[in-house]
Amino acid sequence: AQKVTQAQTEISVVEKEDVTLDCVYETRDTTYYLFWYKQPPSGELVFLIRRNSFDEQNEISGRYSWNFQKSTSSFNFTITASQVVDSAVYFCALQGAQKLVFGQGTRLTINP
Amino acid sequence: GAVVSQHPSRVICKSGTSVKIECRSLDFQATTMFWYRQFPKQSLMLMATSNEGSKATYEQGVEKDKFLINHASLTLSTLTVTSAHPEDSSFYICSARRTYEQYFGPGTRLTVT
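Residue numbers (our numbering), protein chains in the order written: chain E, 8 to 119; chain P, 42 to 154.
These are calculated hints, taken from the structure and not from any lab test. Keep in mind it's a predicted model, so treat the numbers as computed, not measured.
In silico BS3-like cross-links for lysine-lysine, where the CA-CA straight-line distance does not exceed 25 angstroms:
#  : chain 1 : residue 1 : chain 2 : residue 2
1  : E       : K106      : P       : K96
2  : P       : K82       : E       : K10
3  : E       : K45       : E       : K10
4  : P       : K105      : E       : K106
5  : E       : K45       : E       : K106
6  : E       : K45       : P       : K82
7  : E       : K77       : E       : K45
8  : E       : K106      : P       : K82
9  : P       : K105      : P       : K55
10 : P       : K107      : P       : K82
11 : P       : K107      : P       : K96
12 : E       : K106      : P       : K107
13 : E       : K77       : E       : K106
Given the sequences, and given the hints that come with them, work out the whole structure.
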């Protein structure tokens with residue numbers, strides 16, 4: 008069975024602070040994909056990144072960075088110098104051989 | 042990126058009536074589409090997988106007679122909530138698969154009064 012755990016339900020930080028969102032996953036598939044999505048108050052899911060199980064390179068995109076560690080089954084997401092516009096719910100998701108499974112989400116609030 | 046639309050974006054209906062939600066892939070053909078439901082402050086839960094030209098596959102606990110799914114063409118899937126009740130009020134999100142990627146619609150907020 009596939010499972011995604013986002014242990015942090017809510018995080019609140021002050022603008023310009025760095026913040027890391029944790030994601031731990033479980034799967035028996037050898038080939039799988041990991042995703043991060045942002046869901047602002049409007050509700051529409053915004054795709055942030057996809058990483059396949061064979062690519063453990065960390066990735067940086069502007070203020071966003073992702074740390075994929077297969078050894079610990081983790082795919083953490085860091086926002087550097089956070090901004091108020093980063094406030095949203097963030098979902099980590101896992102796609103194995105079958106369906107896409109979402110974590111419970113982390114509600115991130117960036118305070119001015 | 043690929044575009045998936047949903048219509049309507051918001052709908053309010055009376056208890057006991059039926060509501061149809063459309064999901065369209067605008068710039069690609071999708072043999073597989075998915076329907077998710079999201080209650081407030083919760084995650085997305087897969088309701089069913091819709092394959093063009095065949096019956097949908099429902100997740101455990103989802104009533105297939107209540108949530109009718111029709112994938113009539115490669116660009117359109119519909120979800121009909123029959124005899125809606127207040128507990129069906131939720132945010133419904135569809136997605137369409139292209140190769141290994143899923144593209145999500147903007148969601149439909151259903152309120153049953």
